[in-house]
Amino acid sequence: MCASLILIPFISVLVLNLPIRGIKRLAFGLAVFLFLLQMAAVLIPDPAFWKINHSFCANIFNFELGADILSKVVLFCIAMVSSVTLFSAPAFIKNSDEKFNFINILLIAVCGMNAVAMARDIFSLYVFLEIVAVSSFILIAFNRDMPGLEGAFKYIVLSGVATVLMIAGIALLVLIAGSTNFSLVHYMLITQNKSLIAGLAVGLFIVALFIKSGLMPFHGWLPDVYTSAPAPASVLLAGIITKVAGVYALVRIMVSMLGFSVSIQSILLFAGAVSVILGALAALTQSDFKRMLSYSSISQVGYIILGLGSGSVLGIAGAAFHIFNHAAFKSLLFINSAAVESRLGSRDIDKMGGLAKQMPLTSLTSVIGSLSCAGIPPLAGFWSKLMIIIALWLVGFKSYAVIAVIGSVLTLAYFLVLQRKVFFGKPSDEFKDIQEAGFSLSLPAIALAILIVVVGVLSPWLLKGFILGFVPVLGG
Amino acid sequence: MVSGIFAVLLFAIGIYCILATHNLIRVLIGIEILIKGVTLLVIAAGLKSGNLALAQALVITIIVIEVVIMTVAVGVVLGVHRHTGSLDARNIRKLKG
Amino acid sequence: MFLDILILILLAGAALWTVMCRSLLRSAIGLALTSALLTLMIFKMNAPLAAVFELSVCAGLIPVLFISVISLTQAMTKQEVIKHMKSRLARFWGLPLVIIILGILLGLVSARFRAKLPLSEVEVDPRLVLWHLRQLDLLGQIIILFTGVFGVVVLFKERKKSG
Amino acid sequence: MMANPLLLTIIIPLLSGMLIFCVPKKLEGARSGLLVLANLAGLILAVILFKQNLTYTLPGIAPGLELSLRLYQFSAFMLLATSLFGILIALYSVIFMQGKNLVSQFYAYFLFSIALTNGAFLADNLLVLLFFWEGLLVLLFGMIAIGNKDAFKTATKAFIIVGVTDLCMMLGIALTGHLAGTLVISKISLTLSPLANLAFILLMIGAISKAGAMPFHSWIPDAAIDAPLPFMSLIPAALEKLLGIYFLARISLDLFRLTVNSGLSTLLMIVGGATIILAVMMALIQKDYKRLLSYHAVSQAGYMILGIGTAVPVGIIGGLFHMINHALYKSCLFLTSGAVEKQAGTTNLEKLGGLAKKMPVTFICFIVTACAISGVWPFNGFFSKELVYDGALERGWIFYFVAVAGSFFTAASFLKLGHAAFIGKISLENEKVKEAHISMLIPMIAIALICTFFGVFNQWPLNNLIQPILGVERLEGHNFSGFPKNTMLVVLTFVVLILAILNHLYGLKKKESGLHALDHIRYLPVVSNIYDLAEKRFFDPYNWGLGLVNVISRISFGIDKGINWVYDSLTPSLAYGFSSGIRKLHTGNYSVYLVWAIAGMLVVFGLLIFA
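Taken in sequence, the protein lines are chains Y, S, G and Z.
Under numbering that gives the first Met the number 0, think of the first position of the first sequence as 0, with each following residue one higher.
Under numbering that gives the first Met the number 0, think of the first position of the second sequence as 0, with each following residue one higher.
Under numbering that gives the first Met the number 0, think of the first position of the third sequence as 0, with each following residue one higher.
Under numbering that gives the first Met the number 0, think of the first position of the fourth sequence as 0, with each following residue one higher.
Calculated from the structure, these hints are not laboratory results.
For clarity, every value in this text was computed on a predicted model and none was experimentally measured.
Every residue, glycine too, gets a C-beta built ideally from N, C-alpha and C.
Any given hint might turn out to be false.
Unchecked claim - So the derived list for chain Y, only partly shown, Cβ under 8 Å to chain S, looks like this:
{"id": "1", "residue": "3"}
{"id": "2", "residue": "136"}
{"id": "3", "residue": "145"}
{"id": "4", "residue": "151"}
{"id": "5", "residue": "152"}
{"id": "6", "residue": "163"}
{"id": "7", "residue": "167"}
{"id": "8", "residue": "171"}
{"id": "9", "residue": "173"}
{"id": "10", "residue": "174"}
{"id": "11", "residue": "194"}
Excised from the complex, chain Y in its bound form (with noise of 0.2 Å):
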């Protein structure tokens, strides 16, 4: 039943595109209807949902999907950052044929990103990520502006030379394989003796997915696509997008399929390490405020990965939840991002200051997601990290975990820094008459605000059984 998380989007896609009068008005509506499914689908831990062949589509349709644990969580993720990005669309898209085309597109993205989160095959992997790939090109340049082109196009370099080493990968599997099952190829490279074939196509895949994820220094195309992407885009690819795409990817292949070896694990703490280090060093000075929070998206994906890196259950259970907190807290900036941005119209933070009294809402919502980006208890981000950090300890990467500590320090720093110069410290005479931001960019940021702190106060009591629900994961 769960092929139906892909094939109902994709149809409603279709639906909308019917020659029906007024079907377009529809969109919005049924859009936002098919999130919230989606969210109370995976909440909803009936079994048999997430049973493969389970009804009379069986017969038709011979899909190879699965949902652990992690897939629900992604699922859960793509549900919530693409309702926020839906709800902040109609603050920057007027026109309601761009309108139309944008939640068309939204909704194949969603499509496309949940069957990467259900995919047990590594070439439908690949196919899927490729049309989250073409969508998200499409909503960085989808108001044809020159920064948007631009970013689309490195994004477009970037993302074909990822895509090229994906496949390289694949039919080196194919080789030694025979196979693009996820356990088949599992098999095959416990059995055989690694020889150098295995090791390149590991090398490959790895590669492949730090470029789609944007770990240094991968990183390149990271900070302009986040940053000249249209506001509600830059929501979708910063919050899910490219977790998607890349982290959530990677730690399925190296979880499922790959395994881990002392070679590896070192190559994703080191990358991971430099990631969450630089990538917040870098985000320290800028002036930009989403470049400022692209940087900081680098640093956590840092995490992400060394988290990944422990290759204990603990570790990857953090990453899972860091997955989460971080579609949380980093899509809540960027609304907040993008309500400063819809009332400035500016995003340079050096000019702005004293937001906080003309919009109260943005400034407190923008805390509590920045704190829980630093990590600071008890918000959900401080588990996350908590949990990363005791699983590196506990296997015995205690360096790393150090490293995790200051990287959360230095987080801290530019946070402040941003703090201060956009919502406290002297406000500008230029916006002195900057009013609240509108009701479709408040409300999101209030729910994901509330989420944030709710899921952090109940931590303690739930995460137990989430980190156990995370040893099958990585037993099969």
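Given chain Y, work out where chains S, G and Z should sit, using these hints.
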């Protein structure tokens, strides 16, 4: 084996092209050459391991995806041309820092 | 075997020419040529279905796409061409050298990359594989084609000039 | 889960504190009501929980990390004491804070402090303890900082002093965990070894600095002036003392088995003795009501440390009894000073005088608690001090002597204080002073009554509250309640008190002023020099630190500035330098990005294939 070597060579040519050229269309051509190399690799791998049917199925999908990516990319390049009046890749270095 | 290597060398040569030739138009044609040679190679490797696709789409459609873009954009003036040629030469002269050296190097180390191969399966029809085992990919193809359609709608649509 | 009573003791004040932030400014009544209600709930909860044994383990975050809370005799008693002070001081501050700035912040911090203190008492894991302990540090900063305009400086001073000692404690916790192999407090029982000694000293520094002993005391008198008054009677006088001595008792009784003849015991006694005498000497010469009290708060902590440091049952019982007694009368004394400040507008003793007629209830409360602190029979201070004397005598006459001398000076300075503030000529400005508001009086009266009760019926608190902490086994069959058995000591105590009165009368005759009744001690030949230095803050380790840094900075280009430079310039400029360096690398050229990616790819391949 020989196909593998030539796939790597095509890869090198494509990367060199992307790095050295100043023309947006030629960047896309570079990416195309990368994909050519990788298509060759997939077919060769399928032939060598006796999974040619699978390999062909994969290649067909890859080609479809390739076309779509190229279409979108061309759309982006045309957009850039509309703004700057040229295809010079040096025009797209505005975002930095 | 000899014929294979010859085609492959021609393929690499065509790719080189595509990258290095002066005119953008010829580059696009070179790409078509490269694709055609690749088609030949794929056909030689007993993969006729993929070969047909490669020929029709990659050797046909994509170069046409590029050529149409090139014709939509205006060509450079003569002075620009001359200036451009000099810098092109400076940038591209290393490529053949790199390729030859890399080829020799790879030929030397390639012996180390020997895979233990699983037993060959019985030959099956790729169409059956595609339709029966890889339905998800087919769905993906359909979706990505739709994405492409939206891409065209969004990116190619002439917008009212708003400045 | 959420309804676990142990968690409730932390969560109720925490949530109500947060709620207070949400209450709009206009609804002052709602805020005050919330404050009082939350404290009342805490008191009820503490009474219900009293005499229960409970443990609660937070759901695991990681295997091997057991975050647990534990309620037993000792912590239940501390919980009760905390909530008692909480409700009384809450009632008081509702009136006192009327019309002041940042009231909601103060109320919220108040409740957060209660929550964190409860958490620290309940913690059964050193990490949990540390968490609450550090939280209190932050609150301490916040609460001082919302005082008058110099408060920020004082807050920084307090933050640095307490922060440094907390750092010591952190190291101690790490060392203890290393030695014991666990961080669960109830599972740790270490015998003394060189390393364990070090761990003990580190933990002790944390504990006694919380209790406000010398040489970590110097922020308290400053805070007395700058911080809001209810803060003084809540934090340094009550909660921090309770917490510090509680932790000191835990480490010397449970975590480490402190033996009579160990060097650590002597060390503790020396710290205690020095604190008693030095702080009380400073108290003697103070001319400000609150400042004088705060030096006594330091000095009295010395008795507790001395008592626990003796490591003999009578001393420990005395120390613990003194802890609760001190918390009682010192918070009441601070409350009287607050009443005076609120009514007369100043706490400067030069400007006060003759308030006894105007504020009779306050005066009576003052008398009772001053007698208690001076150790006058039959108030509670008498009994606990006798126990401490007994213990000190058992370990050496010098400690006894110091303790008794401290008692002399305590009595002397309170005679001076009482005389200067309440008796004597009334100044013109104070003609119209009225008695304080009833809700400020109730807490004072209540505490004064408890002081008397704990004295006259000392069997009850000793048998029900204090002695069970040590347990029958370690009491070795003794029972310390009732009138002291050592008649010699009692007589000596009375002699000392009479001497103090005589001294006061002598000074009074000489100077004819209550305020200057002790000036003859102030201007004794050697003593006067010491005092001069002390008034210039010569003995303040914080100032030593500053002085030291200044001296060295003059010699070697300024370590002070150097450190500042490292923090203010070097680290940020390094970070910013790196940052702008990284920014410059991002040229916006996709080829550069691609080159990075390819280079990274080659490195990855190299690692995977050749490693």
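Hints versus structure:
1. 3: violated (22 Å)
2. 136: holds (5 Å)
3. 145: The hint holds - residue 145(Y) has a Cβ within 8 Å of chain S, the shortest such distance being about 5 Å.
4. 151: With Cβ-Cβ at 5 Å, under 8 Å, it holds.
5. 152: With a closest approach of 5 Å, the residue 152(Y) hint holds.
6. 163: This interface hint holds because 4 Å falls under the 8 Å limit.
7. 167: Interface hint status for residue 167(Y): holds (5 Å vs cutoff 8 Å).
8. 171: holds (7 Å)
9. 173: It holds, given that the least Cβ distance between residue 173(Y) and chain S is near 5 Å, below 8 Å.
10. 174: holds (4 Å)
11. 194: At 13 Å from the nearest chain S Cβ, residue 194(Y) fails the 8 Å test, so the hint is violated.
The earlier numbered hints that this structure contradicts are 1 and 11.
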